[in-house]
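J.: Residue numbers (the UniProt record's numbering), protein chains in the order written: chain A, 1 to 311; chain B, 1 to 223; chain C, 1 to 546.
Computed list of lysine-lysine pairs in DSSO-like fashion (alpha-carbon distance at most 27 Å, straight line):
hint : chain 1 : residue 1 : chain 2 : residue 2
1    : A       : Lys207    : A       : Lys240
2    : A       : Lys207    : C       : Lys359
3    : C       : Lys301    : A       : Lys261
4    : C       : Lys26     : B       : Lys112
5    : B       : Lys64     : C       : Lys26
6    : A       : Lys184    : C       : Lys294
7    : A       : Lys220    : A       : Lys207
8    : C       : Lys377    : A       : Lys141
9    : A       : Lys139    : C       : Lys377
10   : B       : Lys112    : C       : Lys178
11   : C       : Lys359    : A       : Lys261
12   : A       : Lys240    : C       : Lys301
13   : C       : Lys377    : A       : Lys240
14   : C       : Lys11     : A       : Lys299
15   : A       : Lys108    : A       : Lys127
16   : A       : Lys130    : A       : Lys118
17   : A       : Lys184    : C       : Lys301
18   : C       : Lys359    : A       : Lys240
19   : A       : Lys60     : A       : Lys22
20   : A       : Lys140    : C       : Lys377
21   : C       : Lys376    : A       : Lys240
22   : B       : Lys64     : C       : Lys11
23   : A       : Lys287    : C       : Lys11
24   : C       : Lys408    : A       : Lys108
25   : C       : Lys408    : A       : Lys141
26   : B       : Lys64     : A       : Lys299
27   : A       : Lys90     : A       : Lys59
28   : C       : Lys26     : A       : Lys287
29   : C       : Lys112    : B       : Lys64
30   : C       : Lys452    : A       : Lys304
Hints listed in this document are in silico derivations from the structure and should not be mistaken for laboratory results.
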Amino acid sequence: MASTDLSAEIEQRVLELCGEFKQGITYQIIQNDMPQLKLDIIVQIINKLLATSRVDMLKKDNDILVFKLRDPGTIHRIKGAEPEEQVVYKIIEECTTSGIWAREIRAKSNLHLNTVEKVLRKLESKKLIKSFNSVMAPKKKSYLLYELEPDRSLTGGAWYSDQQFDSEFVDILNQQCCRFLEDKLSTARQVAGGPMAVCNTSYVSSKDVLKHITAIGITKVRLTIEDIETILETLVYDGKVERSIGGAGASVGGEDGGVVKLYRIVSSLLPTPNIITIPCGVCPLIKECYHVGNVTAVKCRYMKEWLNLEW
Amino acid sequence: MGGRGRGRGKGKGMTLEQLGVQKGEGLPERVLGPPETYPPLEFRPVPPTQEKNLAESYLLVVKKEFREHMQNSQYYIQPAVKRPDIERYSDRYQVLAGHRGQLSLNWSRFPKELHPATIAAAGKKRKRLKVKLAVKAKRAKSKDVNISERLEALEKKEAQVTEETEEDGDDEGEDKVEGEEVEEVEEVDEELDEETDYANNYFDNGDSYLDEEDDALEEGGVY
Amino acid sequence: MSLQLMKLTDKILNEYYGNIVAQVGKMLFERGSHPLRDIHRLTGLPRSKVAEALAVLIQHNLVLVEEWRPNIPSYNLLYDRVFLILRFPRYVFLVREQFGEEGEMVVDVILKEGQATASHIIVTSCVKLLEASENAAGGSSITSSSYELKHVTLRNHLIKLIENGFIQRCPSPQTLGKPCPSMSIKEDELHSFPPELLDLKALQQEIQARRAGNTNPDISHPNTDVLWRINYERFHVEFRDSEIRNSIHRRVDPLAGECLGAMLKLSYKTSDPWAPTLNPVSVAEIRDQLKDLKYLNQYLKILEEQSGGCVQLVGDAGGGQYRLNLANAVNTLTHALIYNIIQDRYGSKAARVFRLIHKNSMMEQEQIAEISMIGKKDAYTLCSRLFRDNFLQLHELRKTYAPSPANKTIYLFHVDINSVVRNILEWCYKALYNLIVQRETRGSENRRLLEKRTRVDSIVENLRQSGGTDDQIKEVEEMLSPRKKWKERRGNTSLPLVWRNGRKGEVDEQIKNDSGLKDERYACSAVSRLPESGVKSIGDTHGVRY
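Here chain A stands alone, though its shape is the one from the complex:
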């Protein structure tokens, strides 16, 4: 048996090593560091550290055991908890704001799924962790530490309420932005100084759009510049809006001197296509329409309605 001094010294050294190797140390590392130590002494020390919850033991894929320093805060919080709880807590903690599914916890902890679920319930009741549903997979529960908020990418940010995509909200914003840009264009039309002047004045920065949207108060949700740019991009894909990049110092540029995204309303290049003014243009059966059968030009109900009622 080694003296207490010695074991305290070794203990200290092991903890130092753990501190050096954040991802954890193996038995091999300890042995390399202190070649004179015998295996049973190391085991004794490790067991002691594990028992006092100062390190964690993890098993790697290749069955090698890894020892990691335990976060002092954690020690405090889950003191006296069962080792399974500690392991699970640790795993959840590592995932920070992105959360983790029960299945993944099982894979990482090597615990049985039932155990994992039991532990999770326990931890939840202790208010150490909480669960939420990601918008990416609304039916699967993800877990994260109680005090953290899930990442925006998981909650969907401003566009989700109760994990449901709020398409109505998006549509309203889309329309409001569009209307704002339209107004800008019609005021720009009054500007003298040629077509280029009109064009330049009709450009609006995303920041100004955000200001306007916030000002009219259609939503209580706090929107960011990125949010509003996402909406403006949908207008670009609608073909209603054109995007341009303004450099720093442009008339509408931002004070921060960065690149500013500018938007402006544009009209479609072409009027309504003629094909759309006849029933065949909007006919859902056009593929099935033939000169014989149930769907023919002569029997066509849409055609009849169109000819009789001038819609």
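Given chain A, put chains B and C in place with the hints provided.
T.: Frame of chain A; chains B and C shown alone:
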């Protein structure tokens, strides 16, 4: 045998998830009875704009006038067409309406085989060939270009005469028309049978070119 | 080649030239170029009728005579021209806008004849115009001077149309007396009018004789062998350019459209209008054309930015050199047309999804929903609708073909513009066919009413001319009871139908233009590789017969 049972195995079939329906989402209502042939339209045709209408109505008038003009012109080829019994606005412009029956074109611009004279000659010749076998044999033997040319000239005259009678006939009404149709059918049969005869007409312009391939393809000559 | 186009071609020929011509046309459409003997055999029509039909088709520039074997002609249907018959009113309209009613009448006469001599064109249109103005004036109020000069005015209009390329001279037979005349024409003769072709005195005599009621006066004109016809291409250049100008008009303002129009005109002085890119023009030249335009430089700048790649700045000489890239312009317009169609047919969210996929080439469903800000389920529905109607293509990505749940297949949506255009074209042909069928059905269902209407109209017209009172007119009008009037209006719905037809023509215009461009070997224009290649391959398989 084992293979057959496997499909039914657990009787599970596809799960809803596999079909893309999430759990708890609720299935669409079951459809009872066949779907409507014409489902209600989701988008309706866009009504035309006013300005467009104005230009379009001009186009419409021109189009209608043009169509009616063509239908009454010499270019509308149909064995039995009755002139409509009403007076049309476009009739005022029907300068050519009287030309039915015989196309009046600048024939020098067309392949010779399309000229009415050639056609008439061919038709007559064929009939004569059929009826007067002796004459036919004789002609075949001599192969005298002059003679056939003279014959052609004669036939042209004949053709003109027939045309006139045909024109008269047009006015006589439907009975006559039916008769003509029957005649035509017969003519078709004749022609189908006698490919070679036709081929000979084809070349009777004096050129001695013979298409070997065609000869090989078709039945032996009549001569 | 397409089944829909064939059905449409058949319908059109039937309508304009009768059933026999349509049968011949259909056979030629299906099987390609054939000699008379085979057409006769394959259609089962009497040879005389086939010959007549072919003559009509040749006269109307719808069939091309080729020498198949020495001295044996074969006949090739120019089927895309058949479809253009529906566009004739637009040709007439265009000429009317640019050259007034004399030009309109000249083109009208040529279109009705297919090919016509200058004297025929002038005499016929002169007689019609004089009649029309007499009718309008209600009698003899036309001054004799305008009457006498009418044929000169018409000649001048004809010459103007020829020199502007709207009308061209037909090739003439080079060898007389051959069974298959070889037609050719010198390049410089196409659009010049030799004055010796017309004898103005003879013209005037014939016009007088015709007006006196002699339908076939024995007056000879020196130009019997020189015929003129419509130059389709020229009209199509005009249509295309007006589409381009109008798009700029819509996007920027009317003056920008004018500016682009002037640039086009200048460029055509040195380039072929069907070239993908035209030769550059300098700002100085443009300024010469647009002296009154206030902000020329700004307009040029804006055109460069907003024309979808049509106007390109290529150099600084002469105050700046601009080049027009028509391939880009047509591409941009084609895309705009497709977007609009999708928007009106499937809603604006579908258009958003389509544009998104088109701009990003390959996209996964998740991404689509995320960027387009459409709920995942809705995005999925929209994608599958567009996919079902062939607006989208699906690309499957998987690592192995072994079925295992872990081996997830990735589906990427993408857009093949060529196939979308081909698809829309097909669908336009079908729509046109349907409209014609609908018009025919409506017309025959309500024939009696329509005829009655015509009769009443002409009685009213006569009454009016003979100075009938309003009461009398009203009385006659009432011969059609309200009920009947209503029904008759229903019958007349065939009317809107017809003009919608015309309009539809326009739709294809757009697309047709594009494929037209393709003809000119547009390597860069995506839309172009279209129907032509398909047509060729099918044509080839039919050619195997020989």
